[in-house]
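Participant: One letter stands for each residue in the lines below.
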Amino acid sequence: MELSLVIEKFILVAIIFGISLVVAMYSTYAERKVAAFFQDRVGPNRAGPLGILQPLADGAKMFMKEEIIPTRASGLLFIVGPSLAILTACIGTAVIPWGQQIVIGSNLIDLQVTDINVGVLYLFGVVSLGVYGVMIGGWASNNKYSLLGAIRAASQNISYEIAMGLSIIALLMITGTLSLREITEQQHGFWAHGYFTWNFFKQPVGFILFMVCAFAETNRTPFDLPECETELVGGYHTEYSSMKLGFYLFAEYINMFVSSAVMATLYFGGYNYPYMDAVNNALGGTWGPLFGVGVLFLKIVLFIFFFMWVRWTIPRFRYDQLMDLGWKILIPLAIANIVLTGLVSTFLK
Amino acid sequence: MNLFYFIAFLSILFALLVIFSKNPVHSVLYLILTFFTFTIHYVLLNAQFLAIVNFIVYMGAIMVLFLFVIMLLNLNKDTEPVKSSLVKFAGIIGGACLLVVIVAAVKALGKSDPVILKQADLGLVKNLGKILFGQFLLPFEVSSLLLFSAMVGAVLLATKDKPVKA
Amino acid sequence: MESLSGKRKLIESKPLNFLERAYLPAILSGLRITGKHFFRKSVTIRYPEQKREFSENFRGMHSLKRDEEGRERCTACGLCALSCPAEAITMIAAERQHDEEHLYREEKYAAVYEINMLRCIFCGLCEEACPKEAIYLDGDIVPSNYLRKDFIYGKDKLVEEPLNQ
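So the protein sequences, as listed, match chains F, C and G. Position 223 (the first sequence) corresponds to 223 in our numbering; numbering is contiguous. One rule links them: number in our numbering = place in the second sequence (from 1) + 1000. One rule links them: number in our numbering = place in the third sequence (from 1) + 2000.
Same shape as in the complex, but just chain F (with noise of 0.2 Å):
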């Protein structure tokens, strides 16, 4: 491999890192304000100018805080299962393409890490391997709530990780690749040959179900059993304390993030807007595509929000209620929507 590849790869790498870092720092801060502003109060308003330094005070706090240890927990395994958390929130970012090919210079450098022609089902497998942070945790913490989160962590997931893989079917059959790359750039523009370009309006049913299952798969509101304080005291994190514990709140920023962006680039067009050739023609091949960027960024931002919105008007679902959901709602739909994209698109060839 070439060197300079290595080092394009590696500040793109850092770059992403670093930008979903403070995305997910900022979502903690835009939850409490967008959670504010729904139940007619101010929100964080006290560190800095509109409390915009709030994330960093929240930082702080956590890196102050005694961090204790359970006597009786598995020491070692304690510590993995936070790690793990962010490990496997911040992997996925890797196939996610962010942006046309961009000139600096002379040179054409790809907006994606890595692109991989199995791009989806890395994706997926990420997904899946992030239920292992949690279980680790809550087992090791040695504590009956921690457990029972864990638990429940472990089968949520596992229940709608196949209603989200049966609905990404759907999508695959129509796109007939995995790469996600190809998949944007099959989205090209909003509008071709009399139709749109973006894949939510040829899986209408697909992304609800991918929704759907993206709120079980990241532990959000109304699917968020796992740390159902009511019942769990905190869930999993019930023992945690510190950074540890930031570490899993921090978790499920990046996941929500990660999988905004999932969402914008499988069935929004990722960085595709209308009109996008005329503006990339005006603007040049620099900020042409950085504009592309901008603009994937303001539909995360705005799925972001959503997940939000969701959170703060819809109750938690129950137990039973979440699993009749996932297994006799979902599932049948998800095959239903398989079914009847095959036949479409067999009778539209």
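One thing to keep in mind: the hints can contain errors.
[Claimed, not checked] In the DSSO-like style, the derived pairs of lysine-lysine whose C-alpha atoms are separated by at most 27 Å in a straight line are: (1) F/K349 / C/K1126; (2) F/K144 / C/K1022; (3) G/K2014 / F/K328; (4) F/K65 / F/K144; (5) F/K202 / C/K1126; (6) G/K2132 / G/K2155; (7) C/K1107 / C/K1022; (8) G/K2132 / G/K2157; (9) C/K1160 / F/K328; (10) F/K349 / C/K1160; (11) G/K2051 / G/K2065; (12) G/K2065 / G/K2149; (13) G/K2155 / G/K2065; (14) G/K2108 / G/K2051; (15) F/K202 / C/K1130.
Think of the hints as simulated: they come from the structure by calculation, not from any bench. Quick caveat, the model's predicted, so the values are computed rather than measured.
Given the coordinates of chain F, assemble chains C and G onto it according to the supplied hints.
Facilitator: Showing chains C and G alone in chain F's frame:
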């Protein structure tokens, strides 16, 4: 090649740790690591699809279920059943027999020349799909039927008995 | 049974119809409701910077009044301390000297006048008991503090500012 030996060493190490660790939860975690090294092996063989499927199915689903069950079982030293030396002896004999059979089978089948892929990108999704749905269509469908029947059976077992009308 | 208030409603629980069971319409209407709240003005009053207007009969921190010539009205009769149900008021009386006539209205005055704000229940009985109209609870909310001793307010905090200032 050096990378292969390193990963192979790790696979064997973790596989041994699965057997030798006292705590069943640790065993499962080591098994997950073993599967992860397998995934790396697949990637090294340029079989990306198999790598990812191994990742999703074994690491992401089956091992979660294993972990799930073992966490619930609360296995520890007190509940471990006492095994008589006869059982241990039988186990050793059985294991050795299995080893002999496997070695013999590999020896009988395997041509010892190193496997060189005729097609370097055989493991990519497209090629694998074409082979699965072309050359190996019948075994593929038969195995899917097998899984389907297993699923139906599981659903049948899970459904409640209808209340008997008096 | 006949409803006494006439407001009783019979609630019948019908099985949900398909749209209600499909979650999504109900969720969307919920999202619409919270969405409306998102753009509503927040009801918060940011306290230390903004203050809500007090009602006319609000009883806050005490103040010891001066008369129209700027002399302290209190004559240390002790009626306020006597009437205080929380026993928050203590005072030490002293006799006015000749050169202090511009400071104190009566011949006797309170040399020390202390109110323990941790004991005070702001009932206003002291202001009703006072024959000289010297004490009124017309101040602000008593501010918080770190030490108990700082809640015992002496004359330096209680007496009104002199007139000529």
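Participant: For each hint, tell me whether it holds in the structure or not.
Facilitator: Tested hints:
Taken as a hint, the F/K349 and C/K1126 pair is honoured in the structure, with Cα atoms around 21 Å apart against an allowance of 27 Å. The hinted pair formed by F/K144 and C/K1022 meets the criterion: a straight-line CA distance of about 22 Å does not exceed 27 Å. This hinted pair checks out: G/K2014 and F/K328 have alpha carbons roughly 23 Å apart, not beyond 27 Å. Restraint check for F/K65 and F/K144: satisfied, since their Cα atoms lie roughly 24 Å apart, inside the 27 Å limit.
Between F/K202 and C/K1126, the direct Cα distance comes to roughly 23 Å. Compliance with the 27 Å bound is thereby established for this hinted pair. Using a Cα cut-off of 27 Å, the hinted pair G/K2132 and G/K2155 holds, with the two alpha carbons roughly 17 Å apart. With a C-alpha separation of about 34 Å, the suggested pair C/K1107 and C/K1022 falls outside the 27 Å cut-off, and the hint is violated. The hinted pair formed by G/K2132 and G/K2157 meets the criterion: a straight-line CA distance of about 20 Å does not exceed 27 Å.
Pair hint C/K1160 plus F/K328 holds up; C-alpha atoms about 15 Å apart against a cutoff of 27 Å. In summary, the hint linking F/K349 to C/K1160 is not supported, as the alpha carbons are separated by about 44 Å, beyond the 27 Å threshold. The hinted pair formed by G/K2051 and G/K2065 meets the criterion: a straight-line CA distance of about 24 Å does not exceed 27 Å. Restraint check for G/K2065 and G/K2149: satisfied, since their Cα atoms lie roughly 24 Å apart, inside the 27 Å limit.
Proposed proximity of G/K2155 and G/K2065 is supported: the alpha carbons are some 11 Å apart, at most 27 Å. Distance restraint check for G/K2108 and G/K2051: the Cα-Cα separation of roughly 39 Å exceeds the 27 Å cut-off, and the hinted pair is therefore not satisfied. Under the criterion of a C-alpha separation no larger than 27 Å, the hint pairing F/K202 with C/K1130 is consistent with the structure, at around 26 Å.
The earlier numbered hints that this structure contradicts are 7, 10, 14.
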